[in-house]
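Enquirer: These protein sequence lines map, in sequence, to chains A and B.
Letter by letter, the first sequence follows residues 1 to 452 of the working numbering.
Letter by letter, the second sequence follows residues 1001 to 1525 of the working numbering.
Mixed in with the good hints there might be a few duds.
Said to hold, decoys possible - Below, a sample of chain B positions facing chain A; criterion: calculated Cβ distance under 10 Å: (1) 1129; (2) 1145; (3) 1168; (4) 1213; (5) 1287; (6) 1490; (7) 1492.
Calculated directly from the structure, the hints in this document are not laboratory data.
In this text, all values refer to a predicted model and were calculated from it rather than measured experimentally.
For glycine and all other residues, C-beta sits at the position ideal for the given N, C-alpha and C.
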Amino acid sequence: MRYLPLTPANRTEMLGVIGAATIDDLFVDVPAEAHLSGPIADLPMHASEMAVERHMGALAAQNISAGSVPFFLGAGAYKHHIPASVDHLIQRGEFLTAYTPYQPEIAQGTLQVLFEFQTQVARLFGVEIANASMYDGSTACWEAVAMAGRVTKRSRAVLSRGLHPHYAATITTMAKFTGDSIDAQPPRLVGEPSPDGLISGIDDTTSCVVVQYPDVLGRIPDLAAIADAAHAKGALLVVVVTEPVALGLLEAPGNLGADIVVGEGQSLGVGLQFGGPYLGLFGCREKFVRQMPGRLCGETVDAEGKRGFVLTLSTREQHIRREKATSNICTNAGLCALAFSVHMTLLGGTGLAKLARVNHAKAQQTAKRLAAVPGVSLLNTSYFNEFTLILPRDAREVVRELADQRILAGVSLGRLFPGVANLANGLLVTATECTTAEDIEAFAVALEGVLA
Amino acid sequence: MTAVNPAGCRPEMGPAQHPAHEDAPRLTNSGDRALMLEEALIFELGRFDATGVDIDEPELEPLPALSGFLRKAAPALPGLTEPETVRHYTRLSRQNYAIDLGPFPLGSCTMKHNPRLNEKVARMPGFADVHPLQPVQTVQGALKVINELAHWLITLTGMHGVAMTPKAGAHGELCGVLCIKSAIEARGEDRTVMLVPESAHGTNPATAAFAGFSIENIPANADGRVDLEALKARLGPDVAGLMITNPNTCGLFERDMKAISDAVHAAGGYVYCDGANFNAIVGKVRPGDLGVDAMHINLHKTFSTPHGGGGPGSGPVVLSKALCPYGPIPFTELFEDGHLTLVDEETAGARQPHSFGRMAAFHGQMGMFTRALTYILSHGADGLRQVAEDAVLNANYVLRSLDGELDAPFGKAGPCMHEALFSDDSLPEGFSTLDIAKGLIDEGFHPMTVYFPLVVHGAMLIEPTETESKAGLDRFIGSMRSLAQRAKAGDTSLKSAPHFAPRRRLDETQAARKPVLAWKGDSGA
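Construct the complete structure from the given sequences, taking the supplied hints into account.
Expert: Structure follows, in C-alpha cells:
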C-alpha cells in the first residue's frame, strides 16, 4: 500500500520488540464479539492512484462547473477569479500539513498569517479586532447571537427579514436548545428594505439585531438608523456580510455603528466547492474581546526579545475552560483564512475597491439587460453585485429549464424560501468580474425563450 | 541508541557551538542568517497603491444603486505585487513545522501523511467550481460523492445513518448532542445532565453545555478507563447520556464499552462516542456493535484531509436507528433509478419530520468529502484495516521502546492502542514535560501532545500514526531517550530549549495580559 511505509519484515521485528506474537495481541482489549476477523464484506479493496483518479474524475464530470457555462448564482457563495498564486501558496506543505499552532516556536508562519488575517478582517469590517476565523458565515452568525447574549445578559434576538434563510435557520436551530427567543420572518418583496418594522421589534429585552448587508435580496439596508435604535434600547447591532467584496465600495459596518460584524469569507481566495469548506469572519469592538468565540492570535516577544506571535486568551476556550468556555469551537478555517489573506494581500485596498467597482458594473449591465426581457422587472432600488428579478412565473421552474440549456441562471427565491408563495416568482441574480457580455446576452436570450 | 542523521550533528561530536566557528559574526546586517529568514508584516511591507491583480477600470455608470452607502475611504489594506506576495508567504511558510517535514506525533490529533491525489481530486473543476445551490440535475456527481462517502462511513462504523453537514469534530459533537436532546424531548422527558469522563476532550463538556446540558464528570479507574460502577451509580432519570471517547484519550480501548452502553440504555440515556481516535480501530471494530448511538468522525484525522494549520475540518456524525429521525437537514436521498436529490427545508416535512433542523448553510464540507473518499478508495476495506494495525503497532513500538526511560502509567498492564501515554514521574525535580517538548523541537521533531489528558500528571501523549516508517520512529525514540537522559543528568540547557527554532520560548503571559490582536501602526502610506 503506497501510503504505508512499514514492511512485513519491519512488522515482525517490531512485534518482537513489543513482545507480541501477532498484531491481534495488541487488540486484546477489544471484546472478541466486536473484533472483526477480516476486511468488512461488500466494500471494495485497495485501488491504484490511477484507478481512483479515474473514478473520481468520472463523478466530477457529472457536474456542471460554474466556469464552463453562463453562471449567475450567489446567495451566500460567489464565483470570483482566484489568482493562481493563491492556490500555489496554500499548497505549500508547511501550511497545508501543519497543525494548529500550539507550539509557537515552530509555527510562526501560521501565526503571523493569522495575525495579518485578523488585522485585514478588522480593517475591512471597520472594527478593532477580529478572530482567526470560524467554520463559515452561518455558524459565525449564530456565535455572534450567542455572544450578544453574554454581553447584554439578554436572550431575545431580532433577525432582519433580509437575513439569508440558511443563516436564520442555523440560529433558530441553536436557539431551540439554548432557550433563546428568535424573531425571524421571510422578506417582503419591496425594492427598499424599510428599517421601521425591524426597529419597532427592538425593546429592552433584545440582545441584538442581526442585519445582513447587502441583504439576501441584494438590497442595502440603512445600518446607521438601525444601530441608533438598537443602542437606544441597550441592544447590540450584529451585521452579516456574505459578500466581502462589497466592502470595497460600501462603507464598513463598524463605521456605521455595528458592534459585532460577521461574514462569509469565501469570496476571497476560496472556491465554491459545492458549499464548503468556507470561512467564517468574526470581528467586534475591542471591549468585548473576552466574550469572543474562537481562536485569537496575539503579538508578544520571545526570550531574546524578538517579536513573535502566539495563540492567546485561551482561557475563553474549551480546552482550558471546558463547560464554561465561550464556545465549543476547537478549530478555525486555517487554510481558508490563509487563502483569504493571500488574495487580500494581492488586491490591497486599492485593488479591492477596483474589484468592487467591476462587480457593480457587471451587475448594472446584467440588471439592465435582463430587466428589458418582456415580463421581467427589477425589484431593487439599491444593490451591489446581486439583485432580485420578478419573473412572470415560478422562478424554480425557469431555473430548471435554463439549466437544461446549460445556463445557470441564479437562485430562485422558492429554493431559498420554500413554501412562501409570494416569493415564488423571485430570482436572485449575481454578476461578478467573471461575468462576460456574452454570458449576459446568452442568459437574456434564453430567458426570453423560456418566458415566451 | 546512537544517532541518526549521518550528515548532521552527531552526539559523539559534542554539543553544538554557537557561533559554530570562533570567527563567525554574531549578527548580520539584514537580521537573516542564511536560510533562517525573518519576515516583516504585510502592513510593514505593503503599499496602499500596490496590487498583485491587474483589473481594468470598468465602464461604470453613475452609482444610484449605491448612493448613500459608499465608503468615504478605501479600506486601509496594503497590497503587494505577485512576486512580493509569493516571497512573503514562502518565507513565512519556512517558519512552520509540518508533516511534510517530519514526524508530528501529537496524541489525539492523528497527524498522518496527506496524500496528494486527494488534493488533485478536490481541485477538479467538477468539484471545486460548483455552487451549492445549483439545480440538483447539474450536480449529480457531487451528490454521489456525498452518498458514496456516507455509505462507507455507515458501513465502517456499523451504524444506521450519517449526518454529513457538521463542519468539524466539535460541530459533529454538537450535532450528536442535539439529536440526543431531540430524542429525549420527543419522549416527553426532561433529562438535563450529560455525563463526561474525566479524561474527555474539552470539546465534550463545552458542546454539551452549549446545547443546554449540565455536566457531571465520571471518574476513571486505576487502569485509565471509565469506572463502570461509578457510572452505574450515577445513572438515573435525569441523565440524558454519556459522552465517551473510545479508544480513550489515554490511548486505551474501553474494554467495558458494551456494558457501559447497555447500562446507559437501560437507564434511558444515549451513548455519544467521540470518534477522534477512530484511526486505531477503523476496519477492525464497528462502534455500532458496541451500542454507540452517535459518533463523529474527524475526516481530517482518520481520513487524512489536511489540517491546514488549524482547519478546515469536517465532522460527519454516524447515528443509530434511535437517533436517525432527529438528524439535521439537508441530506442526500438516492432513488431507485440512480439519481439523487437533496432533502432540505422544502421536503423535510415529508422526509424527515422530526429533524432538529439546519446547523449550517449549504451541505457540509464538500472539499473534504472528495479528499476523504479518495483516501478511502485508495486504501479499500483491506488497506483501512492495515492502517489501524500499523497505527497501533507503531504506538506500541514507541511505548515499549521508551517505557524504561519514561514512566508509562498504564503501560505495564498491557498494550496501548494508537497512542502511547507517559507521565513526568521519571523526570527529576526541576524538569518538566514542557522541557522535553521544547527539547524535541531542537531535535527536529514536532512535540507530542502535552498536559493532556488531565488524568495523568505532566502527560505526554504520543501518536505516531501508521505513516511513519520504522527508521523514522527509531530516530524519534533516540531523541526522546536522549532528552530524558539529559534531564536526568541535570542538563539545564534543556530548560531554555528550543535553541535552534525560529523563535525561543514566547512570552504567553504578556500576550494574554495586554492583548495585541491586530497591527495598529500606520502602514502603506
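Enquirer: State for each hint whether it applies.
Expert: Tested hints:
no., hint, in the structure
1, 1129, "holds, 4 Å"
2, 1145, "holds, 6 Å"
3, 1168, "holds, 5 Å"
4, 1213, "holds, 9 Å"
5, 1287, "holds, 9 Å"
6, 1490, "violated, 20 Å"
7, 1492, "violated, 14 Å"
The structure fails hints 6 and 7 (numbered hints given earlier, in ascending order).
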